[in-house]
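**Q** If you want the building blocks of each chain, they are given just below.
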Amino acid sequence: MTVLLRTTTLRVAYGDVRVLDGIDLEIARGEFVALIGPNGAGKTTLLHAIAATAPLCDGHVAIDGHDLAKTPREAKQALGLAIDPPRLPALLTGRECLALFAGARGLPAIPPATLALGETLSLTPMLDRRVASYSLGMRQKLGIMLGLIGEPPLLLLDEPFNGLDPRSALAFKPHLASLVARGDTSVLLATHSLDIAERHASRVVLLMDGRVRRSWDAGELAAMREHPERSLEKAMAEACSA
Amino acid sequence: MSALHPALRADWLVLRRTGAVASVRMFGAPVLLLACCVALACGDLYKGYGWCLAAAALPALGGSHAIAHRRVLDALERWRFGWCGALPIARGRTAWTLSIVTIVALLVSLMFVSALLLIVSVSAPHRGDLPYALAGIDLALIVGTSVAMVRALRIGARTNHAGGIREPVLALPWLNDTRLPHLPDWQRRAALVRWRRGGSFVMVGIVLGAVPMGAPMVPVAGLVLLVLSWSWLAVAMRASADATTDAVRLLGATPLDFARARRASFRYPVAAALCGLVWMIVGIALLRQGMIAPAWIVLAGIASAWPMLRILRTTRDTESSA
Numbered sequence: 001m002t003v004l005l006r007t008t009t010l011r012v013a014y015g016d017v018r019v020l021d022g023i024d025l026e027i028a029r030g031e032f033v034a035l036i037g038p039n040g041a042g043k044t045t046l047l048h049a050i051a052a053t054a055p056l057c058d059g060h061v062a063i064d065g066h067d068l069a070k071t072p073r074e075a076k077q078a079l080g081l082a083i084d085p086p087r088l089p090a091l092l093t094g095r096e097c098l099a100l101f102a103g104a105r106g107l108p109a110i111p112p113a114t115l116a117l118g119e120t121l122s123l124t125p126m127l128d129r130r131v132a133s134y135s136l137g138m139r140q141k142l143g144i145m146l147g148l149i150g151e152p153p154l155l156l157l158d159e160p161f162n163g164l165d166p167r168s169a170l171a172f173k174p175h176l177a178s179l180v181a182r183g184d185t186s187v188l189l190a191t192h193s194l195d196i197a198e199r200h201a202s203r204v205v206l207l208m209d210g211r212v213r214r215s216w217d218a219g220e221l222a223a224m225r226e227h228p229e230r231s232l233e234k235a236m237a238e239a240c241s242a
Numbered sequence: 001m002s003a004l005h006p007a008l009r010a011d012w013l014v015l016r017r018t019g020a021v022a023s024v025r026m027f028g029a030p031v032l033l034l035a036c037c038v039a040l041a042c043g044d045l046y047k048g049y050g051w052c053l054a055a056a057a058l059p060a061l062g063g064s065h066a067i068a069h070r071r072v073l074d075a076l077e078r079w080r081f082g083w084c085g086a087l088p089i090a091r092g093r094t095a096w097t098l099s100i101v102t103i104v105a106l107l108v109s110l111m112f113v114s115a116l117l118l119i120v121s122v123s124a125p126h127r128g129d130l131p132y133a134l135a136g137i138d139l140a141l142i143v144g145t146s147v148a149m150v151r152a153l154r155i156g157a158r159t160n161h162a163g164g165i166r167e168p169v170l171a172l173p174w175l176n177d178t179r180l181p182h183l184p185d186w187q188r189r190a191a192l193v194r195w196r197r198g199g200s201f202v203m204v205g206i207v208l209g210a211v212p213m214g215a216p217m218v219p220v221a222g223l224v225l226l227v228l229s230w231s232w233l234a235v236a237m238r239a240s241a242d243a244t245t246d247a248v249r250l251l252g253a254t255p256l257d258f259a260r261a262r263r264a265s266f267r268y269p270v271a272a273a274l275c276g277l278v279w280m281i282v283g284i285a286l287l288r289q290g291m292i293a294p295a296w297i298v299l300a301g302i303a304s305a306w307p308m309l310r311i312l313r314t315t316r317d318t319e320s321s322a
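In order, the protein sequences belong to chains Y and U. The opening residue of the first sequence carries number 1 in the numbering used here; numbering runs sequentially from there. The opening residue of the second sequence carries number 1 in the numbering used here; numbering runs sequentially from there.
Just to be clear, a hint being listed does not mean it is correct.
[As the list claims (entries may be wrong)] One side only, chain Y facing chain U, incomplete, derived with CB under 7 Å:
hint, residue
1, LEU81
2, PRO85
3, GLU96
4, ALA99
5, GLY103
6, ALA104
[Said to hold, decoys possible] Some chain U residues close to chain Y (C-beta under 10 Å, calculated; not the full set):
hint, residue
7, THR178
8, LEU180
9, THR254
Calculated from the structure, these hints are not laboratory results. This structure is a prediction, so every number in the text was calculated from the model and none was measured. All C-beta atoms in this analysis are idealised placements derived from N, C-alpha and C, irrespective of residue type, glycine included.
Taking the hints into account, I'd like the entire structure generated from these sequences.
**A** Right, here's the structure in full:
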């Protein structure tokens, strides 16, 4: 399997606080990796370090074979980061946000697949209204659509199910699974929803104190699903206290 | 202190911790405004003293109203919908705190104007008339700030600050860059929100009320146009720079072509600056005071150059750090 993302000894610090302390991570094409860990473990920072929206103290990120520091545009072409709801521009409409991101990605217009995703998430009727009038869930949906625009090979999602209504969450999970199943898209999902990680991920990585503490591969996750007495929740608790 | 809104202390701590740049952003505009007023009052740009006083009092009135109106509305929104929004704080306490802060800022401004006038009185051509200038500017500051305070508190905190902004009467498709569509819309709406927060065209009435009795209407219209176009220029440039910074940050994870983004970011501010400049030239022509034209153009240039440089720096910084 070809490696789509490779991070080497990634270090990020905010002032004196070291948030990521030498993260080595590889994600293959078509892999669904869930990033779990307690609050402050560095999950969000890792996603932002990979997306070049957090400054690195040390280390390298390579996406689809392109070094993020040396050839950022080529690396970012293969990357999609879902936008945090509070960061969305209140003065633009949802459709204008999508057009802005499509333009930044070099696309001539909003791709039909993105508009279809809007339909799946029931956001279409709201797309011509200003973001200022959106609820948290609507902003979350728009943030997801912005991350997935152009269907880049590597998707970085930070708690995308927060604020989503059950119907939209139910529709989004198979959409994500179908993208991964096609084999050309990989997902790195930071989440506290261990059931989603256990059910949909092909690998789960536990991050603690800025380091990778433990990871569970597809075989271990399959075993957890088969045995009701075993669960990712228990496995995580054991790994955290070890 | 306990009777004041708790967010005031937090705002003060944030201001102290964010350092010199934040302080310049906070105090720079009022200090520059007051210095300009004093310079106009003491200068020899106008032939009649009445005009000289009007030229000083007008920006004091308009500027103090705009600054106070916007900052009170910003604080109301921040305190009502920010981290402390859910705290059980009486509405009266918010109004009381903002009144105290505004009065303190007004007193400091009055002292600053007095000190400046005292310093420049040594060489001012209208030395004997400086008490009148002091009274004129002080009165303008008090009226401008008080009206702004009352209006802002009546409006209160708004949930949807983007509401009511219409699409432009004249569609200008050439402003849009296909690689960064709708950035000019973002900049224009940000400028309009900021312009309205400064009190918008209500100021024209207040400004006209401060013009000396018997003054000819054509030069008065010229002066009003000058003040308004300069204010618009400053507002539009700063709003454009802020919107660009936000846009570049938002698009940080995309393969954005920064050279093209830089060019796209300049389209709206340049168009807004040209519009402002046209009105400024009309104002100067109506005023029939050819010698103030260079001063206004230079001031307009300074007001617009800093945000333009910020746009340049934002796109360069992001590019190099990527």
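**Q** Confirm or reject each hint.
**A** Consistency of the hints with the structure:
Taken as an interface hint, LEU81/Y checks out: its beta carbon lies about 4 Å from the nearest beta carbon of chain U, inside 7 Å. Contact between PRO85/Y and chain U, as hinted, is not supported at the beta carbon level, the nearest pair being about 12 Å apart and thus beyond 7 Å. Because the beta carbon of GLU96/Y sits about 4 Å from the nearest beta carbon in chain U, less than 7 Å, this interface hint is met. This hint holds: ALA99/Y has a C-beta 5 Å from the nearest C-beta of chain U, less than the 7 Å allowed.
A distance limit of 7 Å between C-beta atoms decides the matter here; for GLY103/Y the minimum to chain U is near 5 Å, and the interface restraint holds. Given the 7 Å rule on beta carbons, the hint for ALA104/Y holds: about 4 Å separates it from the nearest Cβ of chain U. Contact between THR178/U and chain Y, as hinted, is supported at the beta carbon level, the nearest pair being about 6 Å apart and thus within 10 Å. This hint holds: LEU180/U has a C-beta 5 Å from the nearest C-beta of chain Y, less than the 10 Å allowed.
Below 10 Å, beta-carbon pairs count as interface contacts, and THR254/U has one with chain Y at about 4 Å; its hint therefore holds.
This entry does not satisfy hint 2, going by the numbered hints stated previously; all others are met.
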